[in-house]
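Q: Each chain, letter by letter, is given below.
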Amino acid sequence: MLGRRKHVNRTIAAQPSSARLLEVSDLHTRFKTEKGMVKAVNGVSFTLDRGKTLGVVGESGSGKSVLSRTVMGLLPRRNVEREGSVQFEGREIEHLSPTAMREFWGTEMAMIFQDPMTSLNPVVKIGRQITESLRYHLDMPRDQSDATALTLMKSVGIPEPERRLNEYPHQMSGGMRQRIVIAVALACGPKLLFADEPTTALDVTVQSQILNLLAQQQRERDMAMVLVTHDLGVVAGRADDIAVMYAGQVVETAPTRTLFAQMRMPYTEGLLKSIPKLEQPSHSRLEIIGGRPPDMINPPLGCKFSPRCPYVQERCRAEQPPLIEAETPGHYFRCWFPVGTDAGREALERNLAAHVPQAEAAVSGDSVLAARIETALDVPAGASAETVPVER
Amino acid sequence: MAGSGKAHLRSPDEALLRVEDLVVEFPVGRQMKVHAVSGISLDVLRGETLGLVGESGCGKSTTGRAIMQLPRPTSGKVEFDGRDLTKLPGEKLRQMRPELQLIFQDPISSLNPRRRVGAIVREPLEIWSRGESKKRDSVVDEVLDAVGLEPSVSRGRRPHEFSGGQCQRICIARALVLDPKVIICDEPVSALDVSVQAQILNLLEDMKQRYGLTLIFIAHDLAVVKNVSDRIIVMYLGKLCEVAPPDALYKTPAHPYTAALLSAIPVPDPEASTHVDAAASGELPSPLAPPSGCRFRTRCPRAEEVCAQEEPQMRPIVGSTDHFVACHFPLVDAEDLPPGPSTAEVAIAGAK
Chain A
1 MLGRRKHVNR TIAAQPSSAR LLEVSDLHTR FKTEKGMVKA VNGVSFTLDR GKTLGVVGES
61 GSGKSVLSRT VMGLLPRRNV EREGSVQFEG REIEHLSPTA MREFWGTEMA MIFQDPMTSL
121 NPVVKIGRQI TESLRYHLDM PRDQSDATAL TLMKSVGIPE PERRLNEYPH QMSGGMRQRI
181 VIAVALACGP KLLFADEPTT ALDVTVQSQI LNLLAQQQRE RDMAMVLVTH DLGVVAGRAD
241 DIAVMYAGQV VETAPTRTLF AQMRMPYTEG LLKSIPKLEQ PSHSRLEIIG GRPPDMINPP
301 LGCKFSPRCP YVQERCRAEQ PPLIEAETPG HYFRCWFPVG TDAGREALER NLAAHVPQAE
361 AAVSGDSVLA ARIETALDVP AGASAETVPV ER
Chain B
1001 MAGSGKAHLR SPDEALLRVE DLVVEFPVGR QMKVHAVSGI SLDVLRGETL GLVGESGCGK
1061 STTGRAIMQL PRPTSGKVEF DGRDLTKLPG EKLRQMRPEL QLIFQDPISS LNPRRRVGAI
1121 VREPLEIWSR GESKKRDSVV DEVLDAVGLE PSVSRGRRPH EFSGGQCQRI CIARALVLDP
1181 KVIICDEPVS ALDVSVQAQI LNLLEDMKQR YGLTLIFIAH DLAVVKNVSD RIIVMYLGKL
1241 CEVAPPDALY KTPAHPYTAA LLSAIPVPDP EASTHVDAAA SGELPSPLAP PSGCRFRTRC
1301 PRAEEVCAQE EPQMRPIVGS TDHFVACHFP LVDAEDLPPG PSTAEVAIAG AK
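These protein sequences, in sequence, are chains A and B.
Be aware that the first sequence starts at 1, since it is given in our numbering, and climbs by one per residue.
Be aware that the second sequence starts at 1001, since it is given in our numbering, and climbs by one per residue.
Chain B on its own, in the form it takes in the complex (with noise of 0.2 Å):
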C-alpha cells in the first residue's frame, strides 16, 4: 500500500496477539480527523519478537499504544491471548494490563525524577500485590541483577544520577517486574549512542530468552529493527505496506517504500554509495486527507494511474510463505490475490 489485507495473518490459534482491522482517529476539529492508523492487520506468536518499522508519522506508535488500548482503538479487534482487549470493560482491561507492558523512547523522561529506582521498580509489585511486602525487595534485587544494575548501590539512587542508557535499563527493569508476556518496545534506543544501542539491544535478546517475552520493537532505523526481529511490519502512514523475515526484506525487498528505506540507511563503509532511493526524498503527506488508494503513490516512483484508484491488497511473494507485499507493482513478483471481493465490497461488509 500502502495497502489492506490479511494474507500475512497466521492462524488464529498460534497467534498470542492478534490484530484486525486497527483504526485510530483522532478528530481535530471542523469535521476533520487524522487518520493515524487505518485498518491494520497483524498478529505475534509466542515468544516472536515482531518489528514495527516506518517514518515518524507513520501510525506506528499509534499502533503499539492502540494495542495497549492507550486510548482505544476507534475501531478493530485485539485480540489478546483469546480475550479482545478492546470489548473488556474497565477493571476487567485494568487485570490485563501486568501481561503487556510499555518500554518509552526518552528513559530519562519516564522515570519519575523525586524518587529512588527501588520504589520505582517496586511500584508494580505493589500495585498488584505481587507477594509478601517483605519479599518484594528481593524480586526487584533479582531483576536489577539481570539487566546488569549492582541493586545494593542503585536501589538507593534517583534516575538523574544514572546515564542515559542504565535509565533505559530501569525502564527495562519496570516491565519486567511483573513478569509480563508482551512487551512494546517504542523506540527503546532512538535516544541512544551507538554505544548504548548496542548494549540495550543485546540486553533486549537476553530477557527475551530468559523470561520468554514476546517483543513487539517499533523503531525508525531499519538496521536495528533487522537485528532484533523475526519478522518486520514496514508501516507507511497509518497502512502496510510489506511482512517479511528481516533477511528476506534485506535481500529481496519488495515494496518501493522499503526499498527507499533500506537505500537511506548510513552504511558504515566509505565505499558504499550515498545514493538514496528517489522514493526516500519527499514528505509523508497530510494524515488528515490521505492519499487515494495506496498512500505512497505520491512519493513512488512506480506509481500509476490504478495506484491512485484501487488500494493493494496484501499478498504473498513468488515462491514465499512468509514474505507479503501490498503493491500494484511490486519488485519482485507476488502472486495474484484469488478472486474475492473487491475493496470497495469489502469496505461495504465492513461496515455491515
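With the rest of the complex left out, here is chain A (with noise of 0.2 Å):
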C-alpha cells in the first residue's frame, strides 16, 4: 500500500465544533444465508460525544461486534443488508466511497480487534506495520514515521521500542502484541476508538493494564471510545454509559452509574449476578441465566429475552416491549416487568410458585435446568416463542 497514495480530497477535515461525535440511529444489518435472513442488529440507535467511553456489553451473539463493524463501515456490500443511518461528525457515513472510507479509517475511526495475533500481519515487522498509516494518510517521510512508531511504542509501555521495531508479532507475547496492536491504532490520531473485546484473550493482569492504557491514551487525546466486552466488570469502571445488547437490540442503556444502581431489565441483572465476586464467600451459588442467545433467523416473538427470563409473562410472549424511559433522565430499557418495580416482583413471585423453569434455574443456580432451557430453545420451527417445554 505504501506509495501508491493518490490524492483523495480530505473532505473530512472540514469539522462542526459540537460535543456530539457519533450518531447512530435505527440501525439495521442483516446476512442472507442459506438458510435465511439473520437480522444481527435490530434498529440499534446511540449517540457518543467527544472524549465519552461508551460500554456495549453482552453475550456472544448479541450482535455487539457486528454493530461495531456495521459502524465502522466495515462488512462487506455482498449478501449484507444496511439500513438506518450512521452520522460522523454529522456527516452520513453510510453513502460514502470506498475510497472515502478508507480516508475515515485510521483517522478518524479505528479498531481494535479481540485476538493480537490474527489481527497482525505475522511476516511484516512490528515497525512496518505502525509506520504503514502514517506514511499513507499522513504522507510522513520515512525518517519521521519511524520517529513518531518509537514516540508511539514509547508510550504504548513497550520496553526497548528500538528492538521491537525490526521484530515480528510472534517474537512478542500476547499483552505486548495487543499493545502494538493499540499503536497501530492511534496512529494516526483517530477522534473514535472501537475496541471490539480488545483484552477478551489476554491474562487478568494483563487485561487490566490493556484497559489503563486504552483509558489514559483516550485522556490525552481526548478520543471518544467503544469499549464491546462481554464482561460488566469490565466496563464498570472505565465507561460513561453503557448500552446492553441482546438479540441484535439495545436492551438497556444509562449512564454507568445509574444502570448499576437501578438496573430495570432481567438481562442486565442476570448477566451481573452470574459473575463470580470476590467478596462473596467460596462455593457460593451463583444465579445463571438458562439458555443462549435466539437464533436471529427465527428470533422469538415478543420480547426476545423471554424464553430465558425469569419474570416472564404472558404479555412478554406476544407484545415486544419498546424502549421506555425509566425515572431518571439517559436511562432507558425494553421490558413489560422490570426488575426492581413492583410489577418485576410479583412477576418472580408468580413465576416461582408456577415452577416456571427459566425462574427456578436463575434462583437456585440449577445448571442441569439451564442446559434444558437451552435445549428447549433447540426445538425447531418457532416452538421457542410458545411456552419451554421443560419438564422437572
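These are calculated hints, taken from the structure and not from any lab test.
It should be emphasised that the depicted structure is a prediction, and the values quoted were computed from it without experimental measurement.
Glycine residues also receive a C-beta, built at the ideal position from the N, C-alpha and C atoms.
Just so you have them, the derived chain B footprint on chain A, three or more residues with Cβ under 8 Å:
1. 168-178
2. 227-235
3. 278-287
In silico EDC-like pairs for lysine to aspartate or glutamate, Cα to Cα no more than 16 Å straight-line:
4. K273/A x D1269/B
5. K1087/B x E1020/B
6. K277/A x E1271/B
7. K273/A x D231/A
8. K277/A x D1269/B
9. K1251/B x E279/A
Partial list, derived from the structure: chain A residues whose beta carbon lies under 8 Å from chain B:
10. E59
11. T205
12. R292
13. R372
With the hints as a guide, dock the two chains, each given alone in a separate frame, to form the complex.
A: Given below as C-alpha cells:
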C-alpha cells in the first residue's frame, strides 16, 4: 500500500465543533444466508460525545461485534443489507464511497480486535505495521514516521522500542502484541476508537494493564471510545454510558452509575449476577441465565429475552416491549415487568410459585435446568415463541 | 517466592494426590531449557477442590499435565492413592488413567467434529471394556442427563450442533463416564461467556457432590478459582507463591503477587477504584533464564537485596494453620522457619 496513495481530498477535515461525535439511529444489519435472513442488528440507536466512552455489553451472538463493524463500515457489501443512519460529526457515512472510507479509517475512527495475533500481519515487522498508516494517511517521510512509531511504542508502554521495531509479532507476548495493535490504531490520532473485546484473549493482569492504557490514551488524546465486551466488570469503572445488547437490540442503556444502581432489565441483572464476586464466600451458588441467545433467523416473538427470562409473563411472549424511559433521564430499557419494581417482583413470585423453569434456574443456579432450557430452545419451527416445554 | 518448601503439605495419609518437588523442563536447543515448573510440592485431599491460579506461562497447565504424566515430569514424585505415578511403567500407568481425567479449555476443539456425541461419550467405556456392550448406552444416557443434556436428542448429534457451553458439558460427561477419582480442569471456563461460565461452575460443583470427585481447577481468574476451591495455590513462573483457603487469600493476601492479582480483577461496580497494584504491571520474565532468588523480585514492589540472593521458603502465616507464603517480606507476618538446612544445603541433598 505504501507510496501508492493518490491525493484524495481530505473532505473530512471540515468539522463542526459540536460535542456530538457519533450518532447512530435505527441501524439494521441483516446477512443473507442459505437458511434465511440473519437479523444481526435490529434497530440500534445511540449517540456518543467527544472524549466519552460507551460500553457495549452482551453475550456472544448478541450482535455487538456486528454493530461495531457496521458503524465502522467494515462489512462486505455482498449479502449484507444495511439500513439506518450513522452520522460521524454530522456526516452520513453510510453513503461514503470505499475510497472515502479509506480516508476515514485510521484518521477518524480506528478499531482494535479481540485477537492480537490474527490482527497483526505475521510476516511484516512491527515497525512497518505501525508506520504504514502514518505514511499512507499523513504522507510522512520514512525517518519521521519511524520516529513517530518509536514515540507511539513508548507511549503504549513497550520496553526497548528500538529493538522491537525490527521484530515480528510472533516474537512478542499476547499483551505486547495487543499494545502494538493499539499503537497501530492510535497512530493517526483517530477521534473514535472501537475496541472489540480488546482483552478477552488476555490474562487478568494484562487485561487491567491494557484497559488502563486505553483509558490513559483516551484522556491524552480526547478520543471517544466504544468498548465492546461480554463482561460487565470490564466496563463498570471505565465507561461513561453502557448499552446492554441482546438479540441485536439495545435492551437497556444508561449512564454507568445509574445502570448499576437501578437496573431494570432482567437480562442486565442476570449478566451481573452470573459474575463470580471476590467478596462472596467461596462455593457461593452463582445465579445463572438458562439457555443461550436466540437464533437470529427466527427470533422469538414478543420480547426476545422471554424464553430465558425469570420474570416472563404472557404479555412478554406476545408483545415486544419498546424502549421505555426510566425515572432517571438517559436511562432506557425494554421490559414489561422491570427489575426493582412491584410489577417485576410480582411476576417473579408468580413464576416461582408456578415452577417456571427460567425463574427456578435463575434463583437456584441449577445448571441442569439451565441446560434443559437451552435444549428446549433448539426445538425448531418457532416453538421458542411459546412456553418453553421443560419438565423437571 | 515464588519459592520452595513443603511446609504447606499435609499428612501423606490424608492426601489422595501428593506432588513433591515436581520439576518440568523442556530443552529448546543450544543447551537451553525452559524452566516450566521448578520444584513445586502440593497435595490434594479426597473430595477437595484445589485451585491453581497464575498468569499464562506460570506453569499451571504444565503442572496439571505433569500430574497426568503427559508428558512425564523431568523429576519429582507424583503420588496418587499411594502409588508413585512417575515410577509406574507404561502399561501400569495406562491402567491408572481412568482414575484421572482432564477437561480442556476449548470445548469445541477438544471434541472430534466428525463423531456423534453418543460415540464420543461412549468411547472411554469401550476402550476399558466397562460393562456389557448393550448396557453402555444406558450409562452414556445417565451421564449426559447428569450434565443437563437431553440424551435422546444429543446422542445422535455432532459437536458443531451445540453451543460452546453445551460442548463443555459434553467434555465433562466424557470425563465422568469412567467414574474417575480426580478431574483436572484446565481453564474450563476461560473460553466461555460469563453467563455460560456460571452454568459450568455450578455444574462442576454439582458433579463433584454427585460423583464424589476431587478436582484440580486451573484458571487465571482468581474470582473464578475462589468461587469453586477449598484451597488455592498461587503460582508464578514455575514456583509457588502462596497457599491458602480462598476466603483467607482474599481477605489477607500475604504475597505481593497475590495482592496484585486481586487488584487486577475487574469489579462489576462503578464505585470501585480501578487502581491496580504496581506489581500487576510488567511482564513475566523469560522462563529460559528465570531471575535468581525469588522469581517475582523483578516485578515486586517490596523486593530487596536478599530477594535476589536467597530463595524464600514456604512458611505459615502467624496465627493460621492453613495459610502459607513463600516471601521474604510478606504483607502479613509469617512465622520464621525453624532453623534447618539452608536452601543451598537442601539443593545439595536433593541432588544426592
